[in-house]
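From first to last, the protein sequence lines stand for chains A and B.
Counting from 1, one number per residue, gives the positions in the first sequence under the numbering used here.
Counting from 1, one number per residue, gives the positions in the second sequence under the numbering used here.
Hints may be right or wrong, so weigh each one.
Here are the computed lysine-lysine pairs in the DSS-like style, where the Cα-Cα straight-line distance is at most 30 Å [claimed, not checked]: (1) B/145 - A/363; (2) A/363 - A/262; (3) B/262 - B/363; (4) A/96 - B/262; (5) A/179 - A/34; (6) B/96 - B/39; (7) A/34 - B/363; (8) A/34 - A/96; (9) A/72 - A/39; (10) B/363 - B/72; (11) B/145 - B/39; (12) A/103 - B/363; (13) A/363 - B/34; (14) B/103 - B/72; (15) A/72 - A/262; (16) A/39 - A/103; (17) B/72 - B/34; (18) A/363 - B/262.
Covered stretches of chain B, going by a simulated chain A footprint (3 or more residues, C-beta under 8 Å) [claimed, not checked]: (19) 92-101; (20) 135-147; (21) 179-185; (22) 242-252; (23) 318-324; (24) 379-390.
Label pairs and their computed distance ranges (CB to CB) [claimed, not checked]: (25) A/337 - B/78: 35 to 41 Å; (26) A/116 - B/374: 33 to 39 Å; (27) B/255 - A/339: 51 to 57 Å; (28) B/104 - A/339: 21 to 27 Å; (29) A/260 - B/225: 55 to 61 Å; (30) A/375 - B/104: 40 to 46 Å; (31) B/58 - A/116: 49 to 55 Å; (32) A/36 - B/6: 52 to 58 Å; (33) B/359 - A/148: 51 to 57 Å; (34) A/360 - B/58: 44 to 50 Å; (35) B/99 - A/16: 52 to 58 Å; (36) B/12 - A/36: 45 to 51 Å.
Source of the hints: derived by calculation from the structure; they are not laboratory data.
This one's a predicted model, so the numbers in the text were calculated from it and none came from an experiment.
The beta carbon of each residue, even a glycine, is placed where N, CA and C say it ideally should be.
There are 2 protein chains.
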Amino acid sequence: MGEITHVSPLAPEAFPDLPVIEGVSFAAVAAGVKYADRKDVMLAHLAPGTAVAGVFTRSATRSAAVLDCQEKIGHDSAAGAAIVVNAGNANAFTGKNGATATKAVTNAVAACLDVPEGRVFSSSTGVIGEPLPHDRITAKLEALKAQLDPTAIDQAAEAIRTTDTFAKGATRTIEVDGKAVKIAGVAKGSGMIAPDMATMLVYIFTDAAMQRADLQSLVSELNQSTFNAITVDSDTSTSDTLLVAATGGSGVEVTADSAPFKQALHDVMQELAHLVVRDGEGATKFVEVRVTGAASADDARIHAMAIANSPLVKTAVAGEDPNWGRVVMAIGKSGAAADRDLLSIRFGDILVAEQGWVSPTYKEEDGANYMTQQELLIHVDLGLGDAEDTVWTCDLTHGYITINADYRS
Amino acid sequence: MGEITHVSPLAPEAFPDLPVIEGVSFAAVAAGVKYADRKDVMLAHLAPGTAVAGVFTRSATRSAAVLDCQEKIGHDSAAGAAIVVNAGNANAFTGKNGATATKAVTNAVAACLDVPEGRVFSSSTGVIGEPLPHDRITAKLEALKAQLDPTAIDQAAEAIRTTDTFAKGATRTIEVDGKAVKIAGVAKGSGMIAPDMATMLVYIFTDAAMQRADLQSLVSELNQSTFNAITVDSDTSTSDTLLVAATGGSGVEVTADSAPFKQALHDVMQELAHLVVRDGEGATKFVEVRVTGAASADDARIHAMAIANSPLVKTAVAGEDPNWGRVVMAIGKSGAAADRDLLSIRFGDILVAEQGWVSPTYKEEDGANYMTQQELLIHVDLGLGDAEDTVWTCDLTHGYITINADYRS
């Protein structure tokens, strides 16, 4: 993998102040999995009673760690738990050795922290097809255990980076019956230099007390409008993982019906999802694609993703070209219901096209001026029904080609 | 649109010698539809008795000319016919004016050549959303008629270019019962500089005598393994059109069951399809993606297209990087059936991965050496069944970004 040479122009100014979540402690070390001289393994220790929910890549060639997590998620347990993540090696497409390596790590973590092996969730991110040097990870477990610290979540965010140009975190605190409930999350994804996969890994922690099944249904539902609603280049990792842990440390019981908690968790998930797009390979523009007036929710998503994934739309955005003809093309090819003469297209608030043609009020200079902004909205109303959806993407630039073609990974 | 500055490195050495097809004559003029100082309208006059078949874009926002052709195709008629094509303006997303402009052109051609309007097929390619200046085309019809010439098919190939870096033609001649049957075709598509859509237009002529329904079923069948099996960037034009005309001029009756004719027509269609890929925007590599051992033909196509359209695979090819991990990723994300431990991947004849891991015989230097070639084969065997499919694509380079982002269209 290449060196991280500069930070995405869409990065936030600083990593946020993340609060302590009672019941979780973190540690990170330099284990030399692949990188030298940087932290590349993170451990999170979760108190007994913590509920853990997860969502994973749907890839048919998913990694050994993902397969292991999928077997473990969905079981209730009052025991302690752990999350262990390494950067530098994805342990994907490593044949039968993949599962052996994952088990070596999770068994060692279970023994070290005295938690059931079935409650140790692992992720691996980095190069594909190389055997995971799991002994380098297990050799560091005692050191990790000795360093466990409730305030060290920022180190976890650093350790899981591969080619990310910045560490990603988000937090929200709500009040329920006069008591604070906190949520803090970290993510990696869509890094800048010579990645294999731009794998997305997300770990979110809350001190809410929650039933596992409730947490899982909430996470699965919110995932659809957050992490499943972003795309950088339409390619899907073999390792994408989202884990959410509710420790109960606040003493506040929350159910899947708690509107304020749902909103706060949604906001943390959406903010982390947007940060992944903002670190999209070569990205210079952050683009929201909003589709309204669709015949069904599925149609709205299909149209929005067709626009967000179209190389011709994404290069037009990169070129600051208000090329609405390419948006028409993307709608046309998506396969979902559309009527040329009923749809309208807006760039921000600017009505560009309607009634099957360019709008009589549209001036090309207005569109061109709008496209120079760093944050853009492409809004299509299909005029067919009431369904809508929103997805987020970035532009397709020379930077993407440089990252993925000019360097050998 | 920008200037055509250089020819694709994948272009053939010269435009082929296309034979006269008895029953068709051609003309091309500079009508100034958009370009100055170049031929931009072509007319083909088809003798009475010519059978015409067609296949068109499935876009929901297809152009006025495509909609008009679709209404007309599929009717038997012994009358004469015509094909009229303009470059420079796609007459797409031009509202109600689109149909009006198309009818103005086809009515004028019908009157000029004394053929039924229902037998005049038109295409338009170029910018989207601008009204077609149809009077510039109709003003040139008498001049076109005066120039009609059975040998002028090469001028037709030139006139339909928009941003193509070379004119495209292909031909085959077979012998049936001691008599020659000829096929000649021209195409445009996937041009080099600042296109809006990379629209593909294809016109093929044969002097075989054929029932229209037979010709249509043959063309529809062969289209699936030729023009529908190519992709440059996964985007679909609003104007893609394939028309095949059988004049009967050879006096040789051919049915849909004629194996030699089917093979020859397939070869012309495949050669033209490959030429379109060879003129792919920014292309430096011609890539065949072959999927065998699939559970079904649909699965084979889905996997092949997932690989061929993956930006990460295409940039790896551009970078001459034997990055088989990205091929695994594309198979995994496609949604079609795959088993990580049963599939194998070959670059050309080089076995790269099998049994869920890199092959013990594979040497990275062999893969790297292979990828330096201009023509590449990526072969995936899924190990699940007997179905297979092949598609063709090109790499994704800085040239693509330059063409589509750096120039305002």
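We went through each hint and held it up to the structure:
{"no.": "1", "hint": "B/145 - A/363", "in the structure": "40 Å, violated"}
{"no.": "2", "hint": "A/363 - A/262", "in the structure": "42 Å, violated"}
{"no.": "3", "hint": "B/262 - B/363", "in the structure": "42 Å, violated"}
{"no.": "4", "hint": "A/96 - B/262", "in the structure": "47 Å, violated"}
{"no.": "5", "hint": "A/179 - A/34", "in the structure": "44 Å, violated"}
{"no.": "6", "hint": "B/96 - B/39", "in the structure": "28 Å, holds"}
{"no.": "7", "hint": "A/34 - B/363", "in the structure": "21 Å, holds"}
{"no.": "8", "hint": "A/34 - A/96", "in the structure": "21 Å, holds"}
{"no.": "9", "hint": "A/72 - A/39", "in the structure": "27 Å, holds"}
{"no.": "10", "hint": "B/363 - B/72", "in the structure": "57 Å, violated"}
{"no.": "11", "hint": "B/145 - B/39", "in the structure": "15 Å, holds"}
{"no.": "12", "hint": "A/103 - B/363", "in the structure": "29 Å, holds"}
{"no.": "13", "hint": "A/363 - B/34", "in the structure": "21 Å, holds"}
{"no.": "14", "hint": "B/103 - B/72", "in the structure": "12 Å, holds"}
{"no.": "15", "hint": "A/72 - A/262", "in the structure": "24 Å, holds"}
{"no.": "16", "hint": "A/39 - A/103", "in the structure": "22 Å, holds"}
{"no.": "17", "hint": "B/72 - B/34", "in the structure": "27 Å, holds"}
{"no.": "18", "hint": "A/363 - B/262", "in the structure": "51 Å, violated"}
{"no.": "19", "hint": "92-101", "in the structure": "holds (count 7)"}
{"no.": "20", "hint": "135-147", "in the structure": "violated (count 0)"}
{"no.": "21", "hint": "179-185", "in the structure": "violated (count 0)"}
{"no.": "22", "hint": "242-252", "in the structure": "violated (count 0)"}
{"no.": "23", "hint": "318-324", "in the structure": "holds (count 5)"}
{"no.": "24", "hint": "379-390", "in the structure": "violated (count 0)"}
{"no.": "25", "hint": "A/337 - B/78: 35 to 41 Å", "in the structure": "39 Å, holds"}
{"no.": "26", "hint": "A/116 - B/374: 33 to 39 Å", "in the structure": "56 Å, violated"}
{"no.": "27", "hint": "B/255 - A/339: 51 to 57 Å", "in the structure": "40 Å, violated"}
{"no.": "28", "hint": "B/104 - A/339: 21 to 27 Å", "in the structure": "24 Å, holds"}
{"no.": "29", "hint": "A/260 - B/225: 55 to 61 Å", "in the structure": "57 Å, holds"}
{"no.": "30", "hint": "A/375 - B/104: 40 to 46 Å", "in the structure": "44 Å, holds"}
{"no.": "31", "hint": "B/58 - A/116: 49 to 55 Å", "in the structure": "53 Å, holds"}
{"no.": "32", "hint": "A/36 - B/6: 52 to 58 Å", "in the structure": "44 Å, violated"}
{"no.": "33", "hint": "B/359 - A/148: 51 to 57 Å", "in the structure": "42 Å, violated"}
{"no.": "34", "hint": "A/360 - B/58: 44 to 50 Å", "in the structure": "30 Å, violated"}
{"no.": "35", "hint": "B/99 - A/16: 52 to 58 Å", "in the structure": "56 Å, holds"}
{"no.": "36", "hint": "B/12 - A/36: 45 to 51 Å", "in the structure": "50 Å, holds"}
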